[in-house]
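There are 2 protein chains.
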Amino acid sequence: MRYFSEKEEPATSTDELFMREALRLAKIAYQEDEIPIGAVIVANQQIIAKGYNLTERLNDVTAHAEMQAFTSAANHLGGKYLKGCTLYVTVEPCVMCAGASYWTQLERIVFGAKDDKRGYSALNEKIIHPKTEVVGGVLETECATLIKSFFRNKRR
Amino acid sequence: MRYFSEKEEPATSTDELFMREALRLAKIAYQEDEIPIGAVIVANQQIIAKGYNLTERLNDVTAHAEMQAFTSAANHLGGKYLKGCTLYVTVEPCVMCAGASYWTQLERIVFGAKDDKRGYSALNEKIIHPKTEVVGGVLETECATLIKSFFRNKRR
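Top to bottom, those sequences are chains A and B. full-length UniProt numbering applies: residue 1 is where the first sequence begins, and numbers increase by one. full-length UniProt numbering applies: residue 1 is where the second sequence begins, and numbers increase by one.
Honestly, I wouldn't trust all of these hints.
Note that the list lumps identical chains together, so a pair holds whenever it fits in one copy or between two copies.
Said to hold, decoys possible - List of simulated lysine-lysine pairs, DSS-like, C-alpha gap at most 30 Å:
no., residue 1, residue 2
1, K83, K148
2, K131, K117
3, K50, K131
4, K148, K50
5, K126, K154
6, K126, K148
7, K154, K114
8, K131, K154
9, K154, K117
10, K83, K114
11, K117, K83
12, K126, K114
13, K131, K114
Derived by calculation from the structure, the hints in this document are not laboratory data.
Same shape as in the complex, but just chain A (with noise of 0.2 Å):
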């Protein structure tokens, strides 16, 4: 995995602009009492499935914004993998989404805050497939802050 700080090495344009789009899911799902997390997938350049976490309205702790944006992406593409593709996604993705990730034969991973309690990488960093890119720390300062913000308000 690769992880670069802000203030570092500024991440490309690109990711910046997708993860933009997931951090405004995110918000959405903020807005929505939900843990505020969004992911796109992106193919060619272009965003083909969209989510964000909707544990609570489900009722389901498996709705995780990835696993909702790998359902709708694979409904996109008429395919179950998702080869080519690049997941972004506001805040390293846990165990289950890493696993899931593995099925889908990703090419990258893109994500903005780590998550050092729940994170894949806390547990083990090859639960991701070998083949599979990571980026992590894009947009890292804004989505720890949304989510930081979440649980701060939380605890009230």
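Given the structure of chain A, go ahead and fit chain B onto it with the hints provided.
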């Protein structure tokens, strides 16, 4: 994880009973040309959800038997946590499904055949929630035979 060989120690009759239903579902998957894995979720000694692998029909790599059973069980219970529930699944869960089980707060996981290649325990046993008991090897031979037969026919 506790794993027992049929030769050394018989499964409890209740575990075998529910695993037999999971096996019946796995056989339906087989008939539908899906990788033959079946799952049921049990609460208070009653089956509250069933699932079998539908990755081909749904064109969705996340449509594993367990994932469908989790979602269905939460629908049945009207809450997203599966506390006090047991998952019976014919093959050891993969990383995605084990990761999902973590979020569900399942009480027990009982599986049939071990999956040395894609089973979660090959990567890290800690993927499972520390409070979730895991028992493997229930009706192991039947569960393993079914899946081996499927892949043998595929290679022909």
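Now for the hints, and whether the structure bears them out:
1. In this homomeric assembly, K83 and K148 come within 30 Å of each other (Cα to Cα) only across copies, at 27 Å, whereas the closest approach inside a single copy is 33 Å.
2. Taking the shortest alpha-carbon separations for K131 and K117, both the intra-copy value of 25 Å and the inter-copy value of 17 Å come in at or below 30 Å.
3. In this homomeric assembly, K50 and K131 come within 30 Å of each other (Cα to Cα) only inside a single copy, at 23 Å, whereas the closest approach across copies is 34 Å.
4. Within a single copy, K148 and K50 get their C-alpha atoms as close as 22 Å, which meets the 30 Å cut-off; across copies the closest is 37 Å, which misses it.
5. Only between protomers do K126 and K154 lie at most 30 Å apart by alpha-carbon distance; the minimum there is 28 Å, versus 33 Å within a single protomer.
6. For the identical chains of this complex, K126 and K148 are neighbours both inside a copy (27 Å) and across copies (26 Å), given an alpha-carbon limit of 30 Å.
7. For the homomeric pair K154 and K114, the shortest alpha-carbon distance inside one copy (20 Å) is at most 30 Å, but the shortest distance between copies (41 Å) is not.
8. For the identical chains of this complex, K131 and K154 are inter-copy neighbours only, at 25 Å across copies versus 38 Å inside a copy, given an alpha-carbon limit of 30 Å.
9. When the C-alpha separation of K154 and K117 is checked against a cutoff of 30 Å, the pair qualifies only within one copy, where the shortest distance is 18 Å, while the shortest distance between copies is 41 Å.
10. For the identical chains of this complex, K83 and K114 are neighbours both inside a copy (24 Å) and across copies (28 Å), given an alpha-carbon limit of 30 Å.
11. In this homomeric assembly, K117 and K83 come within 30 Å of each other (Cα to Cα) both inside a single copy, at 29 Å, and across copies, at 22 Å.
12. In this homomeric assembly, K126 and K114 come within 30 Å of each other (Cα to Cα) both inside a single copy, at 17 Å, and across copies, at 20 Å.
13. In this homomeric assembly, K131 and K114 come within 30 Å of each other (Cα to Cα) both inside a single copy, at 21 Å, and across copies, at 25 Å.
Violation of the numbered hints given earlier is absent; every hint is satisfied by the structure.
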